[in-house]
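Each chain, letter by letter, is given below.
Number of protein chains: 2
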Amino acid sequence: MGKNLARFKEIMGEVYDISHASALLGWDQQTYMPAGGAEDRGYQLATLAKIEHQLWTSEETGRLLEDLEKDTLPTLAPDSDDARLIVLARDLYNKRTRVPAAWIGEFTRLTTEAQQTWMKARQNSDFSSFQPALERIVEMNREYAQFFAPYQHVYDPLLDMFEHGMTTAEVQAIFKQVRAEQVQLLKEIAARPQVDDSFLHIPYPEKAQWDFGVEVITAFGFDWQRGRQDKSAHPFTNNSSIDDVRITTRFEPDSGMSALFSTMHEGGHAMYEQGIDPSLRRSPLAGGTTMAIHESQSRLWENLVGRSLPFWKHFFPRIQQAFPAQLGNVDLMRFYRGINRVEPSLIRVEADEATYNMHIMLRMELEIAMMEGTLAVKDLPEAWNARMQEYLGVTPPTDALGVLQDIHWSGGMMGYFPTYALGNLVSAQLWEQIHKDLPDLDAQMEQGKFNDLLGWLREKIHRHGSKFTAQELVQRATGSKITPEPYLRYLRQKYSQIYS
Amino acid sequence: MGKNLARFKEIMGEVYDISHASALLGWDQQTYMPAGGAEDRGYQLATLAKIEHQLWTSEETGRLLEDLEKDTLPTLAPDSDDARLIVLARDLYNKRTRVPAAWIGEFTRLTTEAQQTWMKARQNSDFSSFQPALERIVEMNREYAQFFAPYQHVYDPLLDMFEHGMTTAEVQAIFKQVRAEQVQLLKEIAARPQVDDSFLHIPYPEKAQWDFGVEVITAFGFDWQRGRQDKSAHPFTNNSSIDDVRITTRFEPDSGMSALFSTMHEGGHAMYEQGIDPSLRRSPLAGGTTMAIHESQSRLWENLVGRSLPFWKHFFPRIQQAFPAQLGNVDLMRFYRGINRVEPSLIRVEADEATYNMHIMLRMELEIAMMEGTLAVKDLPEAWNARMQEYLGVTPPTDALGVLQDIHWSGGMMGYFPTYALGNLVSAQLWEQIHKDLPDLDAQMEQGKFNDLLGWLREKIHRHGSKFTAQELVQRATGSKITPEPYLRYLRQKYSQIYS
Numbered sequence: 000m001g002k003n004l005a006r007f008k009e010i011m012g013e014v015y016d017i018s019h020a021s022a023l024l025g026w027d028q029q030t031y032m033p034a035g036g037a038e039d040r041g042y043q044l045a046t047l048a049k050i051e052h053q054l055w056t057s058e059e060t061g062r063l064l065e066d067l068e069k070d071t072l073p074t075l076a077p078d079s080d081d082a083r084l085i086v087l088a089r090d091l092y093n094k095r096t097r098v099p100a101a102w103i104g105e106f107t108r109l110t111t112e113a114q115q116t117w118m119k120a121r122q123n124s125d126f127s128s129f130q131p132a133l134e135r136i137v138e139m140n141r142e143y144a145q146f147f148a149p150y151q152h153v154y155d156p157l158l159d160m161f162e163h164g165m166t167t168a169e170v171q172a173i174f175k176q177v178r179a180e181q182v183q184l185l186k187e188i189a190a191r192p193q194v195d196d197s198f199l200h201i202p203y204p205e206k207a208q209w210d211f212g213v214e215v216i217t218a219f220g221f222d223w224q225r226g227r228q229d230k231s232a233h234p235f236t237n238n239s240s241i242d243d244v245r246i247t248t249r250f251e252p253d254s255g256m257s258a259l260f261s262t263m264h265e266g267g268h269a270m271y272e273q274g275i276d277p278s279l280r281r282s283p284l285a286g287g288t289t290m291a292i293h294e295s296q297s298r299l300w301e302n303l304v305g306r307s308l309p310f311w312k313h314f315f316p317r318i319q320q321a322f323p324a325q326l327g328n329v330d331l332m333r334f335y336r337g338i339n340r341v342e343p344s345l346i347r348v349e350a351d352e353a354t355y356n357m358h359i360m361l362r363m364e365l366e367i368a369m370m371e372g373t374l375a376v377k378d379l380p381e382a383w384n385a386r387m388q389e390y391l392g393v394t395p396p397t398d399a400l401g402v403l404q405d406i407h408w409s410g411g412m413m414g415y416f417p418t419y420a421l422g423n424l425v426s427a428q429l430w431e432q433i434h435k436d437l438p439d440l441d442a443q444m445e446q447g448k449f450n451d452l453l454g455w456l457r458e459k460i461h462r463h464g465s466k467f468t469a470q471e472l473v474q475r476a477t478g479s480k481i482t483p484e485p486y487l488r489y490l491r492q493k494y495s496q497i498y499s
Numbered sequence: 000m001g002k003n004l005a006r007f008k009e010i011m012g013e014v015y016d017i018s019h020a021s022a023l024l025g026w027d028q029q030t031y032m033p034a035g036g037a038e039d040r041g042y043q044l045a046t047l048a049k050i051e052h053q054l055w056t057s058e059e060t061g062r063l064l065e066d067l068e069k070d071t072l073p074t075l076a077p078d079s080d081d082a083r084l085i086v087l088a089r090d091l092y093n094k095r096t097r098v099p100a101a102w103i104g105e106f107t108r109l110t111t112e113a114q115q116t117w118m119k120a121r122q123n124s125d126f127s128s129f130q131p132a133l134e135r136i137v138e139m140n141r142e143y144a145q146f147f148a149p150y151q152h153v154y155d156p157l158l159d160m161f162e163h164g165m166t167t168a169e170v171q172a173i174f175k176q177v178r179a180e181q182v183q184l185l186k187e188i189a190a191r192p193q194v195d196d197s198f199l200h201i202p203y204p205e206k207a208q209w210d211f212g213v214e215v216i217t218a219f220g221f222d223w224q225r226g227r228q229d230k231s232a233h234p235f236t237n238n239s240s241i242d243d244v245r246i247t248t249r250f251e252p253d254s255g256m257s258a259l260f261s262t263m264h265e266g267g268h269a270m271y272e273q274g275i276d277p278s279l280r281r282s283p284l285a286g287g288t289t290m291a292i293h294e295s296q297s298r299l300w301e302n303l304v305g306r307s308l309p310f311w312k313h314f315f316p317r318i319q320q321a322f323p324a325q326l327g328n329v330d331l332m333r334f335y336r337g338i339n340r341v342e343p344s345l346i347r348v349e350a351d352e353a354t355y356n357m358h359i360m361l362r363m364e365l366e367i368a369m370m371e372g373t374l375a376v377k378d379l380p381e382a383w384n385a386r387m388q389e390y391l392g393v394t395p396p397t398d399a400l401g402v403l404q405d406i407h408w409s410g411g412m413m414g415y416f417p418t419y420a421l422g423n424l425v426s427a428q429l430w431e432q433i434h435k436d437l438p439d440l441d442a443q444m445e446q447g448k449f450n451d452l453l454g455w456l457r458e459k460i461h462r463h464g465s466k467f468t469a470q471e472l473v474q475r476a477t478g479s480k481i482t483p484e485p486y487l488r489y490l491r492q493k494y495s496q497i498y499s
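Residue numbers (numbering that gives the first Met the number 0), protein chains in the order written: chain A, 0 to 499; chain B, 0 to 499.
No lab work stands behind these hints, which were simulated from the structure alone. Hints are supplied without guarantee of correctness; some may be wrong.
What the hints assert, rightly or not - The calculated EDC-like cross-link candidates involving lysine to aspartate or glutamate, where the alpha carbons are at most 20 Å apart (straight line), are:
id: 1; chain 1: B; residue 1: Lys49; chain 2: A; residue 2: Glu38
id: 2; chain 1: B; residue 1: Lys230; chain 2: A; residue 2: Asp229
id: 3; chain 1: A; residue 1: Lys49; chain 2: B; residue 2: Glu51
id: 4; chain 1: A; residue 1: Lys49; chain 2: B; residue 2: Glu9
id: 5; chain 1: B; residue 1: Lys49; chain 2: A; residue 2: Glu51
id: 6; chain 1: A; residue 1: Lys49; chain 2: B; residue 2: Asp229
id: 7; chain 1: A; residue 1: Lys230; chain 2: B; residue 2: Asp229
id: 8; chain 1: B; residue 1: Lys49; chain 2: A; residue 2: Glu138
id: 9; chain 1: A; residue 1: Lys8; chain 2: B; residue 2: Glu38
id: 10; chain 1: B; residue 1: Lys8; chain 2: A; residue 2: Asp229
This is chain A alone, in the form it adopts within the complex:
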């Protein structure tokens, strides 16, 4: 290895040591930290972030990167680890150096305050009190985009923060196709008799929920030597090393299966990180790549596996045993239909598989319109409600249950939402390919076996870490770029069975 590359990797190693230390502090903050520790923890995280930023943006890092691009990159195979490291590092370096410190300072102050404002606005269901803050957030996001000019679309630099390598035009083309077909499917489902899921909305003992979740993700292949699970207010996955990937869960009093599906979801995120090639450790490559790919992994285990009939053919007798009082009189098909009930609703985070994407598309369309200036922030609630009616056939009675429901915008995040829906699409696209490559996968799942499935994901997705973008990975794994057809086929087939 050349001297420059070795030195560059040494710096990256330290940058990611600090970043992973911060991740552990963040994990602790949400799991075990006593309340009193909050103030000093804030200082600690700020200092680590500052040092990480200094290392990233140092003169030496910039110079090494230029030299590596000039002298080393041309000599490397384009898909080699080292070539991809240099290319990805350039992108991360630019994102850290092109945005002036003054802008970051102002944006941080703005969004810190905006989150407080949003919380009150939501409590009072009063959009107008949040409107000025959101106007300024849109304005500053336009300024952010300018730092990355030229671009095809003003939304591109925002999207690139979370979904590096994807353009607005690409996502719009994909979503256009989804929208019409998914609205049509929802109409057909709404015309059918509703399925019963009353047995899910009764108390389930927590300890048994915990144990069953552990049994399931252990069967999936979660590595407990390199991971753990704890409780927290909001479930999340934390990577403080590819050999130390932690998930959290929570228990909801009147939703007996929510902890289980959340454990499968976070387990999916975690197994992705655990599957990264150890040679990529302590580098920008040592993490899952874009949000869409990350979400494809969590959704695949949660929905395509965890809400499938083959999975429950194996696990239903076991869950009945774990919860005899709750499920003793429920049969497999009633259970299966219940956990897959479709019901257009107001709140994104409670949406089912068939309606979730509609919540996302609506948000992305409104974000783009605000960024383009074709939608004034003051007209946002009206636009929101109109689209809710058009896509889901429901109209929020209040802004708290509508446009004010998500924290993202008050935190300045625009460009994040699309990754949720892309994750769904990718999960189904991979799923079709997996079934071609593993024709007896359903039979394996019926026996509670997931080795081959995890092996496929490790080989095609996990081990690469952040080497490839979402489009590159999906192309390599399935032979084509991201396309919505497999997801639409999956939905139609699944719900034909459930809603006859």
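Once you have looked at the hints, place chain B on chain A.
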């Protein structure tokens, strides 16, 4: 505040943010980290240590310190927080800058290897295989002392690492008095009939042990909003903020009270850190001062409170209730005598209050002799065994149970042991003063009340953090420097009662 002082405090704030982040990573390593995380955690801790060292030893830090000493220190009241910050920072700065990096590198390699060698040597009870490593460690510790020349005694710079402000001559003078009297006391006790503690060496349910320990330190005043307790292989206290002080405990299968006394001990360390004045946070002053003072706090709660008759007059009915099968037929006095049983033994960490100091003095004397060159390392086992016979009347049958029992020397640590014994002496000296200032303390303890006691400790010791050395603190609190008489009086009085 002057510009230099403000900037210096800013740097110190960042230094201690990093140091506290490292502490949290260390806590996690010993409590919740999955085994697989060890390798990357090692890198993370090394990188944080490197950055902390760079910040401490930067040109800017050195220049600011010089300017502050020249321009600011003379204008400050000598006992003010700012004056003490500058004085302490100078000492810490010198300790970090006078030792060459090459020496640190070699010492780290030497001791890393020596610990492996020691572990094997202890397994085989073969001192000679450890001898060459220890010879080199003594040699390098002499080199270390040279970096701090001139000194009164070659052992001074080693002692100063753990007990800043204390000299070898001072400790020797104190110990000289202890030795003769304590040996005499042990002889008298040995002549009396032994007390029974068989009821301690049966299984006690873990959950009830945990709960009882929590009840006790809650009564002491441990602040659960700014602390927590977890399990670990070896009990320790961790400070990652004065508002986030954590203790750990462990349960031993055939020692029913060990977790309880360990919880009181670590609780004592933790309440010290929790009691530091909040205005000292994020600075070198925001931690307990020397090891002796720290140990005085843990020993005070563990022994002077936790093994006292007034304490158990309140808590014995409660512990009987918690462990009816184990203690239902034991009465208060039998219990009290049992937990205070004296028995000269081979192993320091198992020693009781009356014998513990003898283990320490022996080690310090041998360390000093090796450093002076008056004892060759090859003659160490013989010297060890002779002193064990002289002080405790027992002779180790093997070196594993003798000179090879502690990890400290293999890790390069010389100068640490005396702080344990000094802590015992200080605890009793404070205790006498506390009883003068709070004449009804025994009555309070008999009612399970510790507010006044904790208040006294907060006022006289805790709030000062690292502002004062052990001698200064003890002088301020009791009117005289550290003296062994109170401890000797305490032992004689206590054991007269127990052994009639």
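Checked hints:
1. B/Lys49 - A/Glu38: The hint is violated at about 25 Å.
2. B/Lys230 - A/Asp229: Since the Cα atoms of lysine 230 of chain B and aspartate 229 of chain A sit roughly 15 Å apart, the hinted pair holds (cutoff 20 Å).
3. A/Lys49 - B/Glu51: holds (13 Å)
4. A/Lys49 - B/Glu9: holds (13 Å)
5. B/Lys49 - A/Glu51: holds (13 Å)
6. A/Lys49 - B/Asp229: violated (31 Å)
7. A/Lys230 - B/Asp229: holds (15 Å)
8. B/Lys49 - A/Glu138: Given that 20 Å is the threshold and the Cα spacing comes to 41 Å, the pair is violated.
9. A/Lys8 - B/Glu38: At roughly 17 Å apart (the allowed maximum being 20 Å), glutamate 38 of chain B and lysine 8 of chain A satisfy the hint.
10. B/Lys8 - A/Asp229: Given pair lysine 8 of chain B, aspartate 229 of chain A is violated - Cα atoms ~37 Å apart, limit 20 Å.
In the structure shown, a violation is registered for the earlier hints numbered 1, 6, 8 and 10, in ascending order.
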